[in-house]
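Participant: Go by the hints and put chain S with the ligand onto chain W.
These are the residues of each chain, in order.
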Amino acid sequence: MFAFNNALARMFDLFYTPFRSFHPVWGLLAMSAVTGLILLFIWKYTTNQKQMKAVKDRIKMHFIEIRLYQDDMGIIWKTQARILKQNLRYIVLVLVPALVIIVPVVFILVDMDHRFGREALEPGESALVKVKFAGRGGLPEVTIRAPEGVVVETPRLRIPVEREVDWRIRAEREGDFDLAFVVDGDTYTKRLTVGNSTRRFSFIKGQATVEEAFFNPGEDPLPKGSLIESIEITYPEMRFRFESWVGHWLTLFCVFSLAVGFGLKPVFNVE
Amino acid sequence: MRMGRRTCWIAGLAIFGLGLLVLGPSSGPASAAGGKKVLVLGFDGMDPNLSKRLMEEGKLPNFKRLADGGGFSKLGTSIPPQSPVAWSNFITGQNPGGHGIFDFVARTPENYLPFLSTSVTDKKGTRLLRRGTAFWEILEDHGIWNSVLRVPSNYPPVDMKGPSLSGMGTPDILGTYGTFSFYTTEPQVGGDVEGGKIIEVKMRNNMIESSLVGPRIGEGGDAVKVEAPFTVWVDPEEAVAKIRVGDEEFVLAQGEWSDWKPVEFKVMSKGMEILLSLVGQTSSLHSIARFYLKEAHPEFNLYVSPLNFDPFYSPPGTSICTPDGYSKKLAKEIGYFYTQGMAEDTWALNEGRLNEKEFLQQSEFVLQERIRMFRCELEHFLQKEQALYFCYFSTTDPLSHMFGRFMDPGHPLNYPDEFEKYGDVIPHYYTRMDSVLGYALDRVGEGTTVMVLSDHGFTSYRRSFHLNTWLYENGYIQLRDKRKKSSGEFFVNVDWRKTRAYALGINCLYLNLKGREGYGIVKPGYEADQLLAELVEKLEAITDPKTGEQAILRVYRSSEVYSGDAIESAPDLVVGYNAGYRASWETALGKIPNPEKGFFGDNLKKWSGDHCMAAEIIPGVLFTNKPLRIPDPSLVDLAPTILNEFGIEKTPEMIGRNVFAEGPETGSRVESVMR
Ligand SMILES: [Zn+2]
Chain W
1 MFAFNNALAR MFDLFYTPFR SFHPVWGLLA MSAVTGLILL FIWKYTTNQK
51 QMKAVKDRIK MHFIEIRLYQ DDMGIIWKTQ ARILKQNLRY IVLVLVPALV
101 IIVPVVFILV DMDHRFGREA LEPGESALVK VKFAGRGGLP EVTIRAPEGV
151 VVETPRLRIP VEREVDWRIR AEREGDFDLA FVVDGDTYTK RLTVGNSTRR
201 FSFIKGQATV EEAFFNPGED PLPKGSLIES IEITYPEMRF RFESWVGHWL
251 TLFCVFSLAV GFGLKPVFNV E
Chain S
272 MRMGRRTCWI AGLAIFGLGL LVLGPSSGPA SAAGGKKVLV LGFDGMDPNL
322 SKRLMEEGKL PNFKRLADGG GFSKLGTSIP PQSPVAWSNF ITGQNPGGHG
372 IFDFVARTPE NYLPFLSTSV TDKKGTRLLR RGTAFWEILE DHGIWNSVLR
422 VPSNYPPVDM KGPSLSGMGT PDILGTYGTF SFYTTEPQVG GDVEGGKIIE
472 VKMRNNMIES SLVGPRIGEG GDAVKVEAPF TVWVDPEEAV AKIRVGDEEF
522 VLAQGEWSDW KPVEFKVMSK GMEILLSLVG QTSSLHSIAR FYLKEAHPEF
572 NLYVSPLNFD PFYSPPGTSI CTPDGYSKKL AKEIGYFYTQ GMAEDTWALN
622 EGRLNEKEFL QQSEFVLQER IRMFRCELEH FLQKEQALYF CYFSTTDPLS
672 HMFGRFMDPG HPLNYPDEFE KYGDVIPHYY TRMDSVLGYA LDRVGEGTTV
722 MVLSDHGFTS YRRSFHLNTW LYENGYIQLR DKRKKSSGEF FVNVDWRKTR
772 AYALGINCLY LNLKGREGYG IVKPGYEADQ LLAELVEKLE AITDPKTGEQ
822 AILRVYRSSE VYSGDAIESA PDLVVGYNAG YRASWETALG KIPNPEKGFF
872 GDNLKKWSGD HCMAAEIIPG VLFTNKPLRI PDPSLVDLAP TILNEFGIEK
922 TPEMIGRNVF AEGPETGSRV ESVMR
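Chains as they are written, first to last, in the working numbering: chain W, 1 to 271; chain S, 272 to 946.
Extracted from the complex, chain W is given alone in its bound form:
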């Protein structure tokens, strides 16, 4: 799973390479457009285009019926029931391709979240580092070691009920840094990314499980069964702003990929 994910990440990296030095919105829009296109083709080849057309035509016909017999409540009720039935049929027809579509989309989305979900720290910027411990009982002793270029700004903050220890760190220059956490003689690390070019980086690192591989790709996981359950850096959320609109990358992605998909439907003759 990790190997597969890493390979996938490389592929995505390749795609985003031309956009690295531009505002993240360009990479985001490009990927949204490509996704829109992929969706359109998956749609075209996984749906039964003929049947879909038939069902849609029937729904249209029933709507005409309603207009024609709008004074006859009986007919209208019946017709509405038929529309509902055809709609259900339509949904069944759509279900299979939808399931097919979901798979690549989820991979794309998870990867995108690691590029557009949060901003890497700027030099001079601070962030919260959270270490969560596995198991129960008292909090183990933990110390943080920051490499040159990163400053630990606060004493440790222990929250026993949450099994959590936090620090605030500040990045002093651009680069990738490994923060080290020493627990019980063992050292665990977490990558810290500083610098503003668009690239993929991981926010949280957990133990080696399948979900971890899937949702938090990008960094080697903590060994299974280790005292630490996860290490997280709270990078600032990336916000996209257009005139008065401020929003999350997912909103832009949805709007743009659907727009491309729908917009190109007639071009590729898709129902």
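Within a straight-line C-alpha distance of at most 20 Å, the following computed EDC-like cross-link-like pairs (lysine to aspartate or glutamate) qualify:
hint	chain 1	residue 1	chain 2	residue 2
1	S	K868	S	E820
2	S	K603	W	E122
3	W	K132	S	E509
4	S	K537	S	E480
5	S	K603	W	E119
6	W	K132	S	E519
7	S	K785	S	D800
8	S	K603	W	E125
9	S	K323	S	D679
10	S	K599	W	E237
11	S	K603	W	E237
12	W	K132	S	D518
13	W	K132	S	E508
14	S	K565	W	E153
15	S	K809	S	E831
16	W	K132	S	E520
Here are some chain S residues the structure puts well away from chain W; computed CB gaps all over 10 Å:
hint	residue
17	K394
18	I642
19	K692
20	E744
21	D752
One side only, chain W facing chain S, incomplete, derived with CB under 8 Å:
hint	residue
22	R158
23	I159
24	D166
Because the hints were derived from the structure by calculation, they are not lab data.
All figures in this text were calculated on a predicted structure; none of them were measured in a lab.
Ideal placement from N, C-alpha and C gives every residue a C-beta, glycine not left out.
Facilitator: Chain S with the ligand alone, transformed into the frame defined by chain W:
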């Protein structure tokens, strides 16, 4: 009718040509001044005597550069010398009789109730109460680009095309001039304090849960207070805490300030909010706050700044900038900034919730933000052919208020050990202003007219005078419940049917005039005149039993010092205190303390410097890079001067003169101060 092809061409060319004529740089009314540029810096409360001393000591090289190469003068201030009044003189070129701002509070004559004088909020929204035309409105009418940042008495800002941001008078989201919150595990007896809410909290399992309190939403009985919950986790031993508010989570060590954190007050459900956000709308109230962890152990003490409007959103029913969206544009470039009027938290220091060091840190944030703001907009100004740029800096005023006692060895609240520590604070901030000026001078180069002004100077505030108590003791005020011998705020115990005069605000005194006040008894004309004469004579004769000094230097009759359309809402007398004296805070809000304690009291608050005295003794400063040609320039002269720089005549309402033009010799200093 269909136009032929050729007609189309000719019409097009004609329109294009006309466009060139109108827009072209070498034609039209805008070019009358031939690309003039004016930069005006406002440094609130900068004092001429201290400036002079520091220049002589070589500490203000850039001010000296201006003074030597251009002009430096005392600048006549307004009557009374309060910032909202004085800056209105500057803005309109009129005295308070014209612009209608007489004090920081005004009253409704019908019910004697006070309100903040510069703006009003009702069902129709928030409106600016200052009258008269701002000089930059006239500039815009002449097509001259202008930007006016943070000038007082301009909230909500007058509608302009140019970038402007409102200043002093802009409320926090509670609608106050700035209410901090202080969360503490220490048992409290007093409850809320002046300018702040004190909230007692309990710590359980090293955790505290509480909320930030927003404004009331809705009307009448349906109104609800909106809240933004937050959680704090404190380390069992170390002096460090984590705070979570909304989506924000941050760690502060004891003695640390957070940067600005957005605080959202939700009015609708989460689902509705998401739907609205898709179309770029919001129903939430968006504010920002800074947190300061004063103490983690053994007691927990957290200061939260007043909740400022979030500059990324337009506040509902009002505005803090022009054009719409400018505050957001600015915040994108320089980050979050204080949007409330007077941002330095003087009350938190006065009430002991922040100490001197903490207050200085907080003031430094304000100054840093202002410098960023100033530099950002300066770049736009530099690119213009013809433009006016005004930027206001507050720092010198609150610092002089709070650290005045360290400039005055005779101040009742002055400890020698602290004198060592803080004696240099005010001079230090003058040098900071000097470097702001230096940066500006270097950037604008030759050819731009540069003016630096302050609205008033400063002096020590040692003794408070309870003017309403004096009025009561001398029979001008009668009380309903005579046994009490005092009254709470807003004259609650005053018998208006027997009262002849009352004081409200820091300098204003009103007659209880028949036909004007709700229960007026003094007949206008002869009776009123006699009463005024009597009051002036008695007030000017008052001496402080402790020092033997004259407490009130001069009492001005409004009919003698004011002119203009707004004069009907003027106070009847304006009380000009002597140096070291000022109206008590109680007087300002219509309170009558018990006369047994006397009319005077030592000022034991940290708010120890002031300027609400007689105008003659508290002038501001004027520095220019061109020689000043008239003696005794005054605030009202600056609007006509600026217009003149662009070749525009002053309006008939403006009473001032062009300070760069030789005019007929004017009279004595006092006279010029009064204009
Ligand atoms: Zn002041």
